[in-house]
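The hints should help you fit chain E onto chain W, whose structure is shown.
In the order they appear, the protein sequences are chains W and E. All letters in the first sequence, in the order written, are residues 10 to 89 by the working numbering. All letters in the second sequence, in the order written, are residues 10 to 89 by the working numbering.
Just so you know, these hints were derived from the structure itself, not from any lab. Accuracy of the hints is not assured; some may be wrong.
Copies of the same chain look alike in the list, so a pair counts if it fits in one copy or across any two.
[As the list claims (entries may be wrong)] Simulated pairs of lysine-lysine, DSS-like, Cα-Cα distance not exceeding 27 Å: (1) Lys-49 x Lys-19; (2) Lys-49 x Lys-11; (3) Lys-72 x Lys-49.
Residue strings, one per chain:
Protein chains: 2
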Amino acid sequence: MKAAVTVRLKEGVLDPQGRAIEHALHTLGFANVADVRAGKIIEFTLQETDPEAARAEAEAMAKRLLANTVIERYEVRIEP
Amino acid sequence: MKAAVTVRLKEGVLDPQGRAIEHALHTLGFANVADVRAGKIIEFTLQETDPEAARAEAEAMAKRLLANTVIERYEVRIEP
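In isolation and in its complexed conformation, chain W is listed as follows:
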């Protein structure tokens, strides 16, 4: 089954990439935009048929490698 882990910086953690994007958007004339935050999404296939087992495995992967839980939070989505 397919899974996705979305990793975002925690609230309050400075996001230089988001700041740079926001500045570039303003420069391009997109004056309406604010609070830009940049995150990543890691999508993959798991050879696993049980959704609960797949979720547990994706969470373990997020904790071990995909997210730095000191400054980032992650969200796991499982698609059948």
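Just chain E, lined up with the frame of chain W:
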């Protein structure tokens, strides 16, 4: 209103970051994982009350700056 643009490499485009993550996951013992693809998600606030106008503006931002449409595709999500 809040908006999110998810940017992914198009199918068939080599994803070295995804490959590196997959290799690292295998090394850590996550043998079930395959087809890892890495993308990015840009979340922001738009000072705009009309969802259709917000979507059009987010799409313009994606085309102008957030995605390289030669090798990437993007998806816009608007949250009220």
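Status of the hints after comparison with the structure:
1. Lys-49 x Lys-19: Answer is both; intra-copy 13 Å and inter-copy 16 Å each pass.
2. Lys-49 x Lys-11: both (17 Å within a copy, 17 Å between copies)
3. Lys-72 x Lys-49: Intra 15 Å, inter 19 Å, cutoff 27 Å: intra and inter.
Hint check: no violations occur; every hint is consistent with the structure.
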